[in-house]
Every structure is written in C-alpha cells, then in structure tokens.
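Chains as they are written, first to last, in the working numbering: chain A, 1 to 206; chain B, 1 to 206.
Everything labelled a hint here was simulated from the structure, so no lab data went into it. We put the CB at the ideal spot given by N, CA and C, even for glycine. It is possible that some hints are incorrect.
Reference excerpt, derived from the structure (chain B facing chain A, CB under 8 Å, subset only) [unchecked claim]:
1. P50
2. I71
3. A93
4. H96
5. H115
Once the Cα atoms are required to be at most 30 Å apart in a straight line, the calculated DSS-like pairs of lysine-lysine come out as [unchecked claim]:
6. A:K131 - A:K197
7. B:K22 - A:K197
8. A:K43 - A:K2
9. A:K131 - A:K22
10. B:K146 - A:K48
11. B:K43 - A:K189
12. B:K197 - A:K131
13. A:K146 - A:K189
14. A:K146 - B:K2
15. B:K48 - B:K2
16. B:K189 - A:K48
17. B:K146 - A:K131
18. B:K131 - A:K146
19. A:K146 - B:K48
20. A:K2 - B:K146
21. A:K48 - B:K197
22. A:K43 - B:K189
23. B:K43 - A:K146
24. B:K22 - B:K2
25. A:K189 - B:K48
26. A:K22 - A:K48
27. B:K146 - A:K43
Facing chain A, a subset of chain B residues (Cβ under 8 Å, in silico) [unchecked claim]:
28. T63
29. Q78
30. E80
31. N128
The residues making up each chain are set out below.
There are 2 protein chains.
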Amino acid sequence: MKIYDVEAFPNPARVRIALAEKGATDQVEFIDVDVMGGEHRSKEFCAKNPDASVPCLELEDGTYLSQCTAITEYIDGQFEGVSLCGNTPIERAVVHMMNRRAEANLLDAVGAYFHHATAGLGPDLETNQNKEWGLTQRENATSTMKYLDGVLANNAYLAGDNFSMADITAFAGLAFADFAEVEVPESLKNLSAWRAKVAARPSIAG
Amino acid sequence: MKIYDVEAFPNPARVRIALAEKGATDQVEFIDVDVMGGEHRSKEFCAKNPDASVPCLELEDGTYLSQCTAITEYIDGQFEGVSLCGNTPIERAVVHMMNRRAEANLLDAVGAYFHHATAGLGPDLETNQNKEWGLTQRENATSTMKYLDGVLANNAYLAGDNFSMADITAFAGLAFADFAEVEVPESLKNLSAWRAKVAARPSIAG
Numbered sequence: 001m002k003i004y005d006v007e008a009f010p011n012p013a014r015v016r017i018a019l020a021e022k023g024a025t026d027q028v029e030f031i032d033v034d035v036m037g038g039e040h041r042s043k044e045f046c047a048k049n050p051d052a053s054v055p056c057l058e059l060e061d062g063t064y065l066s067q068c069t070a071i072t073e074y075i076d077g078q079f080e081g082v083s084l085c086g087n088t089p090i091e092r093a094v095v096h097m098m099n100r101r102a103e104a105n106l107l108d109a110v111g112a113y114f115h116h117a118t119a120g121l122g123p124d125l126e127t128n129q130n131k132e133w134g135l136t137q138r139e140n141a142t143s144t145m146k147y148l149d150g151v152l153a154n155n156a157y158l159a160g161d162n163f164s165m166a167d168i169t170a171f172a173g174l175a176f177a178d179f180a181e182v183e184v185p186e187s188l189k190n191l192s193a194w195r196a197k198v199a200a201r202p203s204i205a206g
Numbered sequence: 001m002k003i004y005d006v007e008a009f010p011n012p013a014r015v016r017i018a019l020a021e022k023g024a025t026d027q028v029e030f031i032d033v034d035v036m037g038g039e040h041r042s043k044e045f046c047a048k049n050p051d052a053s054v055p056c057l058e059l060e061d062g063t064y065l066s067q068c069t070a071i072t073e074y075i076d077g078q079f080e081g082v083s084l085c086g087n088t089p090i091e092r093a094v095v096h097m098m099n100r101r102a103e104a105n106l107l108d109a110v111g112a113y114f115h116h117a118t119a120g121l122g123p124d125l126e127t128n129q130n131k132e133w134g135l136t137q138r139e140n141a142t143s144t145m146k147y148l149d150g151v152l153a154n155n156a157y158l159a160g161d162n163f164s165m166a167d168i169t170a171f172a173g174l175a176f177a178d179f180a181e182v183e184v185p186e187s188l189k190n191l192s193a194w195r196a197k198v199a200a201r202p203s204i205a206g
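Start from the sequences, fold in the hints, and give me the full structure.
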C-alpha cells in the first residue's frame, strides 16, 4: 500500500506513528505530495482524496482512504500488535471520544490558528483567512491542553490505562502547537509528563 | 443506560436513529437537557460532558460518553443487528472516512452557519458569533451536498452497498440544513433519492 503525505506535517505524523506502533512501517511506500506547490488541490490528487489533504492511503484494491481516524482504524484492524482503537465497545467509544476531543479542540484548533491567524503556508495557499476565527481556535487549543492535563491527573493515557489513537492525535497536536508557537502552559505537569512518556515510545523515539 | 439530549436536535437524532436501527431504543432512559436555558453549560452537566453538548450517554458503570461517533461505536458494538460501523478493517475505515466528511463538512458546517451567521439559539447563547466564518461554512455545506450526490451516483449508500453511521450523519445534516434554511440544490437527484430511501427506514419513519 502507498501513503501520499508530507513527512513532517501533523496529520501524516499520526499515521506514521500508528504504523510504527503496529510494526508495519516497512509495508508502506511513502509518496511525497508537494503541498507547498498546491499539488494536494490538483484535479489528479483530489480524484484520490476529495478532502484535498494529506495523508491519503492507497490500498492494493484501489481504495483510497483519507481522514486520519479512518486510516488509523484500517491500520489497527489490518495489522497485529497493540490495539490503538480499543477492543470492547466501551473501550472503542472512549478512544473515539477522546480522539475526537484531541482532534477537534487541539490539533484542528491549532491548525485553524496557524492557517487563519498566522502567515500559515503562505499567501498562495492561505487565500481565505479569518483571523478572528483563528484566534478563537488558539484559545480553544489552550483550554484543551488544560482539559487534557486534568484527564491525565487520573489516567495513564487519554483513554484510560492503555496507549491509544487518542494519545497519537494529542501528541501530534502538541507538536503542531510548538511549530505554530501556541505555548503549552508550564503549569500543566500531567500533560508534560505524559508527553515525555509518549515521546519515549519506540514508535516515536525511533 | 441514560441519554441526556434534546429530542429534535441534529446530533441527538443521530444517536436515536442508531438506537432504533439496533432495536435498542427501549433500553434507554432519555433525560431532557434545557439547552435553551443553558443547562448544557452548567458545572453539573459539564462534569458529565466537558464538551458542553448533547447528546451524552451515561452507562451503568458511571462512564459518560459524548461525541456521536463515539456513542454510535458503543451502540453498534453493544447491541445485535445491522452493522453501523462496518465489519472488516476496510469497511470500518470507509465508514469512518465518509462519516467524518458528512460530519465536518455537512452537519457541523450547517451548525457553524446556524450558530455564527443566523440568530441561532438566540443572543444569550450565541455570544461569540463570527458571521464571516458561518457564511464560509454554509458554502462548505452546499459543496458537500454536491460531493455526496456524486458518491451516490455509484453507491447505494455513502460507504458503499450497506447503510451505515455515515448515512445517519448525513441524513441528520440534511435535516439540520432544512431547519437552518440551507437549500439542498434540486439538481442533486442522487442525494434526493438516497434521502427518501433513508427516510423510509423503520428507524426513521417509525
């Protein structure tokens, strides 16, 4: 299978970590998309992924998958190893709930700030900026960091005792926050300790 | 188990349809939340659901679940009957991908228009409006209707041959569009035919 992505970008990072957690990285061919050149918005790429985003997974049967949560569901079900999406109905629901919170209110919120209220990917790509919206979403991201810190006061990981897709999403969100200069408050000791623990995993530390 | 919701609202509708599809509606106690009075933002309710939104599911063991996709994963796994989230890794991924597109770019987009660019739930609740953002999201919703119409030119349902969570989300999105007066273009014949077919399901037609 093939993954169309940009190595250092936040959403591709989620899928690369998921693959590494499952020991499946070497089963994938990575194809670099020239996002800075607008390739993700080309007719050819949108035929693969109408979301005009990276990453996009191409399966052997010609199916194209986009949206990181969906791709992670595929990777989790297809390969052996640690469960990233949970095993029981409650586990699955809690993973999806926490993943969604980390995605909408941290990673996507930082993204909205970056694309709307900073220079983002530059004037050729950021043609519909709404600075007020971006600044609101920066506040959302900071509030969410505080919320996650509270969750981690009682749990080893975001969805409970086990590492999951939700941790991957939040970890990528914090990396994006660093890049976009959305500060992680120093007072959030639980979040910092969790982040160090996740960063040390072989899937990330290498 | 208990569901805190408001009967006629778009996201609660998703969970109510999922329950009906699984024949599990009578296993749930529904508790009305006074959203118009701001109850969803009260300290007491946010202790159940920090997203300050409906619906929220309370399980017998005291677990609270929010986010419709997560709640639907729970319902689908917990009860017998038709599969709403898919069975194989590919099926699961395609359902999540299409569900995410229908959620972010139709239902949530209509919601952004409603809450930001119309009177929404009134001045007491809509205190952070961004009209420009709302109007952008209205355009997103209309574009997504066209995209879904194209998908339905080749598929019986949004994720392929079988009815799924993605159809529930898009159906609720179109109902919300009607309420918010975001017109469904008459030219979208595939979308209209699919909508009539979904509306006739016993889970919806009653």
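Okay, the hints, checked on the actual structure:
no., hint, verdict
1, P50, "6 Å, holds"
2, I71, "7 Å, holds"
3, A93, "4 Å, holds"
4, H96, "4 Å, holds"
5, H115, "12 Å, violated"
6, A:K131 - A:K197, "35 Å, violated"
7, B:K22 - A:K197, "40 Å, violated"
8, A:K43 - A:K2, "19 Å, holds"
9, A:K131 - A:K22, "39 Å, violated"
10, B:K146 - A:K48, "17 Å, holds"
11, B:K43 - A:K189, "24 Å, holds"
12, B:K197 - A:K131, "42 Å, violated"
13, A:K146 - A:K189, "10 Å, holds"
14, A:K146 - B:K2, "28 Å, holds"
15, B:K48 - B:K2, "12 Å, holds"
16, B:K189 - A:K48, "24 Å, holds"
17, B:K146 - A:K131, "28 Å, holds"
18, B:K131 - A:K146, "28 Å, holds"
19, A:K146 - B:K48, "17 Å, holds"
20, A:K2 - B:K146, "28 Å, holds"
21, A:K48 - B:K197, "28 Å, holds"
22, A:K43 - B:K189, "24 Å, holds"
23, B:K43 - A:K146, "16 Å, holds"
24, B:K22 - B:K2, "16 Å, holds"
25, A:K189 - B:K48, "24 Å, holds"
26, A:K22 - A:K48, "25 Å, holds"
27, B:K146 - A:K43, "16 Å, holds"
28, T63, "6 Å, holds"
29, Q78, "5 Å, holds"
30, E80, "12 Å, violated"
31, N128, "7 Å, holds"
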